[in-house]
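J.: Read off the chains here:
Number of protein chains: 2
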Amino acid sequence: MTENRRPRTVIVGGVAGGMSAATRLRRLDEQREIVVLEKGEHVSFANCGLPYHIGGVIEERSALLLQTPESLRARFDLDVRTGHEVVSIDRDARTVTVRTAAGTEQIAYDDLVLATGAAPVRPGLPGAERAHVLRDVADVDRIVAALAADDAPTTAAIVGAGFIGLELAENLAHRGLGVTLVELADQVLPPLDPEMARLVQDRLEAHGVTVRTGSGATAVEGDDLVLADGTRVPAGLLVMAVGVTPESRLAREAGLETGARGAVLVDAAQRTNDPHIYAVGDVALKRDAIDDADSFVPLAQTANRHGRLVADATVGRTVKALPVLGTAVVGIFGLTAASTGWSEKRARAAGRDVRIIHTHPADHAGYYPGATSMALKLVVDAATDAILGAQGVGEAGVDKRIDVIATAMRGGLTASDLADLELAYAPQYGSAKDPVNMLGMVAENLANGTTRSLQWHELDDALAGGAVLVDVRTAGENAAGAIPGALNIPVDDLRARHGELAGREIVVHCAVGQRGHTAARLLTQLGHTAVNLDGGYRTWAAATRTVPAAV
Amino acid sequence: MTENRRPRTVIVGGVAGGMSAATRLRRLDEQREIVVLEKGEHVSFANCGLPYHIGGVIEERSALLLQTPESLRARFDLDVRTGHEVVSIDRDARTVTVRTAAGTEQIAYDDLVLATGAAPVRPGLPGAERAHVLRDVADVDRIVAALAADDAPTTAAIVGAGFIGLELAENLAHRGLGVTLVELADQVLPPLDPEMARLVQDRLEAHGVTVRTGSGATAVEGDDLVLADGTRVPAGLLVMAVGVTPESRLAREAGLETGARGAVLVDAAQRTNDPHIYAVGDVALKRDAIDDADSFVPLAQTANRHGRLVADATVGRTVKALPVLGTAVVGIFGLTAASTGWSEKRARAAGRDVRIIHTHPADHAGYYPGATSMALKLVVDAATDAILGAQGVGEAGVDKRIDVIATAMRGGLTASDLADLELAYAPQYGSAKDPVNMLGMVAENLANGTTRSLQWHELDDALAGGAVLVDVRTAGENAAGAIPGALNIPVDDLRARHGELAGREIVVHCAVGQRGHTAARLLTQLGHTAVNLDGGYRTWAAATRTVPAAV
Numbered sequence: 042m043t044e045n046r047r048p049r050t051v052i053v054g055g056v057a058g059g060m061s062a063a064t065r066l067r068r069l070d071e072q073r074e075i076v077v078l079e080k081g082e083h084v085s086f087a088n089c090g091l092p093y094h095i096g097g098v099i100e101e102r103s104a105l106l107l108q109t110p111e112s113l114r115a116r117f118d119l120d121v122r123t124g125h126e127v128v129s130i131d132r133d134a135r136t137v138t139v140r141t142a143a144g145t146e147q148i149a150y151d152d153l154v155l156a157t158g159a160a161p162v163r164p165g166l167p168g169a170e171r172a173h174v175l176r177d178v179a180d181v182d183r184i185v186a187a188l189a190a191d192d193a194p195t196t197a198a199i200v201g202a203g204f205i206g207l208e209l210a211e212n213l214a215h216r217g218l219g220v221t222l223v224e225l226a227d228q229v230l231p232p233l234d235p236e237m238a239r240l241v242q243d244r245l246e247a248h249g250v251t252v253r254t255g256s257g258a259t260a261v262e263g264d265d266l267v268l269a270d271g272t273r274v275p276a277g278l279l280v281m282a283v284g285v286t287p288e289s290r291l292a293r294e295a296g297l298e299t300g301a302r303g304a305v306l307v308d309a310a311q312r313t314n315d316p317h318i319y320a321v322g323d324v325a326l327k328r329d330a331i332d333d334a335d336s337f338v339p340l341a342q343t344a345n346r347h348g349r350l351v352a353d354a355t356v357g358r359t360v361k362a363l364p365v366l367g368t369a370v371v372g373i374f375g376l377t378a379a380s381t382g383w384s385e386k387r388a389r390a391a392g393r394d395v396r397i398i399h400t401h402p403a404d405h406a407g408y409y410p411g412a413t414s415m416a417l418k419l420v421v422d423a424a425t426d427a428i429l430g431a432q433g434v435g436e437a438g439v440d441k442r443i444d445v446i447a448t449a450m451r452g453g454l455t456a457s458d459l460a461d462l463e464l465a466y467a468p469q470y471g472s473a474k475d476p477v478n479m480l481g482m483v484a485e486n487l488a489n490g491t492t493r494s495l496q497w498h499e500l501d502d503a504l505a506g507g508a509v510l511v512d513v514r515t516a517g518e519n520a521a522g523a524i525p526g527a528l529n530i531p532v533d534d535l536r537a538r539h540g541e542l543a544g545r546e547i548v549v550h551c552a553v554g555q556r557g558h559t560a561a562r563l564l565t566q567l568g569h570t571a572v573n574l575d576g577g578y579r580t581w582a583a584a585t586r587t588v589p590a591a592v
Numbered sequence: 042m043t044e045n046r047r048p049r050t051v052i053v054g055g056v057a058g059g060m061s062a063a064t065r066l067r068r069l070d071e072q073r074e075i076v077v078l079e080k081g082e083h084v085s086f087a088n089c090g091l092p093y094h095i096g097g098v099i100e101e102r103s104a105l106l107l108q109t110p111e112s113l114r115a116r117f118d119l120d121v122r123t124g125h126e127v128v129s130i131d132r133d134a135r136t137v138t139v140r141t142a143a144g145t146e147q148i149a150y151d152d153l154v155l156a157t158g159a160a161p162v163r164p165g166l167p168g169a170e171r172a173h174v175l176r177d178v179a180d181v182d183r184i185v186a187a188l189a190a191d192d193a194p195t196t197a198a199i200v201g202a203g204f205i206g207l208e209l210a211e212n213l214a215h216r217g218l219g220v221t222l223v224e225l226a227d228q229v230l231p232p233l234d235p236e237m238a239r240l241v242q243d244r245l246e247a248h249g250v251t252v253r254t255g256s257g258a259t260a261v262e263g264d265d266l267v268l269a270d271g272t273r274v275p276a277g278l279l280v281m282a283v284g285v286t287p288e289s290r291l292a293r294e295a296g297l298e299t300g301a302r303g304a305v306l307v308d309a310a311q312r313t314n315d316p317h318i319y320a321v322g323d324v325a326l327k328r329d330a331i332d333d334a335d336s337f338v339p340l341a342q343t344a345n346r347h348g349r350l351v352a353d354a355t356v357g358r359t360v361k362a363l364p365v366l367g368t369a370v371v372g373i374f375g376l377t378a379a380s381t382g383w384s385e386k387r388a389r390a391a392g393r394d395v396r397i398i399h400t401h402p403a404d405h406a407g408y409y410p411g412a413t414s415m416a417l418k419l420v421v422d423a424a425t426d427a428i429l430g431a432q433g434v435g436e437a438g439v440d441k442r443i444d445v446i447a448t449a450m451r452g453g454l455t456a457s458d459l460a461d462l463e464l465a466y467a468p469q470y471g472s473a474k475d476p477v478n479m480l481g482m483v484a485e486n487l488a489n490g491t492t493r494s495l496q497w498h499e500l501d502d503a504l505a506g507g508a509v510l511v512d513v514r515t516a517g518e519n520a521a522g523a524i525p526g527a528l529n530i531p532v533d534d535l536r537a538r539h540g541e542l543a544g545r546e547i548v549v550h551c552a553v554g555q556r557g558h559t560a561a562r563l564l565t566q567l568g569h570t571a572v573n574l575d576g577g578y579r580t581w582a583a584a585t586r587t588v589p590a591a592v
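Protein sequences, first through last, are from chains A and B. Per my numbering, the very first residue in the first sequence carries number 42; after that it's consecutive. Per my numbering, the very first residue in the second sequence carries number 42; after that it's consecutive.
One or more of the hints may lead you astray.
[As the list claims (entries may be wrong)] Derived contacts from chain A toward chain B, CB cut-off under 7 Å, selection only: (1) 148; (2) 341; (3) 366.
[Said to hold, decoys possible] A few chain B residues that don't get close to chain A, going by computed Cβ distances all over 10 Å: (4) 71; (5) 194; (6) 395; (7) 444; (8) 449; (9) 508; (10) 538.
Hints in this document: simulated from the structure, not taken from any laboratory. Where is the CB? At the ideal position from N, CA and C, for every residue including glycine.
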């Protein structure tokens, strides 16, 4: 290709990262030729809305299609070609080979941006050829068609209880199907810790979704999905949502370096080891914000942000893609579950010494109507007081608190610093001591030794070691549900009755941890050795619950 | 007082700051005697809930009373005495003189905490003796009684359109009264800039509240409030909500140093110039987070946080009260208005060179049902890219964005850094490029010269100087409402038609600023001089609107 032409940037993939790069690039450079090659039928579609069109929440399919090649031509002078699959890259010649319905062609580039995304993993299960996946509008069309058929299935099995699996479960249940969610791990929503994920499972089950955790799918037989334990799950509709893998074949075959999970290695400017080739979005490797390790985080927000950086980089600006926290959120039957950074299990697996905080605050002042309770969790580096991660599950206000903590992490605030954040308070919106402030106050108390706490998974060992467990809730609360073996002494009676505990190591607990804190401080000052069960009865109950319960 | 006794902390005032100090102090020191003296009938009541009991939103009066002396005795061994007014301090003797129904007494202290709060300002208006104020439960009782009387008023005039005034307006309208809100300034909600506050005024007017800005009240005559311009406002019920003043008489008479507005000067440990006396909450002076100047910020959240610090300080811990941003939020007929840090007018008055950004994003992805639009504003220091402040007005998600920005400010992130925040995204909760990210992207474009913008209040001068105003919205949008004199060239037609603009300085605008940005970039690259009207038609329309309109 030696034609006399304008500088040309070719972008492979026309959704989040690719399209952000294309439109930004045009705003930066009116002269450049910008060609977007998309193997599918659609560009710039609403990826994250796909499950909701299946459920009918987003009624119109057209609502998913945010832009068309024509609208992008008119607004941004982009040359967008759908049905164009790039099959190979010739790095020396700086050309890509493109396959279309009409044959193959070569297209030259000055800069090449790989935004090929990630493909759903399809487990090689016998009989699973009929399984659906959910990646693009064509996948949605297939599922919608199956559900509209005369012999439409009445049951659905979803393999994988991550974000997409949960959203599909909700939406298929909305459509009236009997839904079973199958997850190999021992919990739904693996980015969360189990006692937090349990609240999500409760909600799924309360809405009629059958949840099978700790079971791998082994085969598809007729209408059934067969699990490793022999259970047969009705699977009139079968959807695989077990994760995605970077679509990096093109890159690998062209000799570009890849890293974890096969994602394409890039520098802080999203540049690969070929200075003329960038990668962005799910196909590109990220770095983790906590430990700077290679990280595969397939999230739309990162793809969009990094797409913008690629455009800046290609016009010669200095850019720096930041490591990622992996902040994410999902709605499940009115419940919100969100997380940022590392979970407790991840931090412990990485050998970090951590302080863990569970709270159950109201989303706004309890005296104002409509307050609901949420579960929050903060994972703190014990050595530095750095925030490693946070999780939240609740009816309202969870996304706000996780966003605030993600921002605090980016700003380098410590866990104790959260106590001092000035957040907008009126009784409809929060509390004078916001849930995030409270996390900070607990963190500070732990950091300076004002209080000591015990995690739910440490309780059995403590009791086996001779500690006495004291439930400082009221007698009525204790009667409504208690931890086996707990002695009930309401906090307000402790000053009078603490002599009963003489000579024992004491674990106190209340409903959520707050009265427990008061009790532990009181007992400590009265000469006892006392720790507070973090998160109280609620966290313990969620962690140890085997029978479904409403949240 | 030389009796042999335990160390004693006396706290004057038993609401937010005082009660936070008292309960924290008990958790830190079981041995200390803690006496709380409250001149009113109630302690630990829900200050910020008061307007909502008047409106019936909080139905039960008892919901306002969070604690009683008895419950605080049982839980925290506090000696809480209501109906105890401290009338003087003898610093040498370390005693306070207390007046009760039974007479006066002296109480000795080792540490004294002044948490006397702030009192509503009562303008000395002829005839205004019957005016209500809203500070405590007794005030609420009086207003509720007036509204329940046989000759209950059917009209209400509220003087002062700050937070309390707005909440009262909403709640009295809920009760069916014809409400007039009178404000001396030219806008409601003075902490906001006028074009943002206009959206709040629109909402008030849409719900039948009459708003009289720029008018001072001069007298009360019969049932009417008379304004400076001669207008008579029906004021069957009259409430003064013109602000509060620190209740620092005690402190001043005891020779404690005071600063701006008469608030008590304290160090970072909330200690006054007497090492045995602390002040906290509304009575204490704060420092401003932007310029470290003295600042009077009467907010519940700060009182609560600082109360906790006082307790730590009195037991010898090193604490550091941080300067305040003054983050605040108010709900008005379903609309949320929130702000943090400085407004544009405040920054300009302080001589700062600022960059201003207005956006009108959706609270969540537009393709997901229920998305609503909000107005956001960011005030940026032009020299440093530091965030000076932010404001938001909208149906949903405003408090979240202001909290995120307040957190970013505390973490020292720049305006451009907002582009890189990783916020929780699913289509119900936000956008892949969250409204806060978008503010950061605009900030970065302004900082590095990628785009130039013009504020609504700079438009007239630009046009007078010969610039041409180009509306790049569609013809339909233009027909529905346009800025006088604007030439309509839709952005998608600009490449073909830009020759029409040759030789002119160009101001482009669209609805909200986004297409305007694309247009300005395009025109600039095509050799024109173009700036984008910040915030587009919507900001201009709000700023220049004189006729009420729905938001």
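J.: Please confirm whether residue 194/B is truly not at the interface, meaning its C-beta sits more than 10 Å away from all C-beta atoms of chain A.
T.: holds, 26 Å
J.: Regarding the hint that residue 148/A lies at the interface with chain B, is the smallest CB-CB distance below 7 Å?
T.: Residue 148/A check fails; min Cβ-Cβ to chain B is 23 Å, beyond 7 Å.
J.: Could you check that no beta carbon of chain A comes within 10 Å of the beta carbon of residue 395/B?
T.: holds, 21 Å
J.: Would the non-interface assignment of residue 449/B survive a Cβ cutoff of 10 Å against chain A?
T.: violated, 5 Å
J.: Since residue 444/B was said not to touch the interface, does its Cβ keep a gap of more than 10 Å from each Cβ of chain A?
T.: Violated, because the least Cβ-Cβ distance between residue 444/B and chain A comes to about 5 Å, which does not exceed 10 Å.
J.: Against chain B, run the beta carbon of residue 366/A and see if the smallest gap drops under 7 Å.
T.: holds, 5 Å
J.: Far enough from chain A: is every CB of that chain over 10 Å from the CB of residue 71/B?
T.: Incorrect as stated: the minimum Cβ-Cβ distance to chain A is 4 Å, not above 10 Å.
J.: Less than 7 Å between beta-carbons is the criterion; does residue 341/A satisfy it with respect to chain B?
T.: holds, 4 Å
J.: Grab the minimum beta-carbon distance between residue 508/B and chain A and tell me whether it stays above 10 Å.
T.: holds, 22 Å
J.: Please confirm whether residue 538/B is truly not at the interface, meaning its C-beta sits more than 10 Å away from all C-beta atoms of chain A.
T.: holds, 13 Å
Violated hints, in rising order: 1, 4, 7, 8; the structure is consistent with all others.
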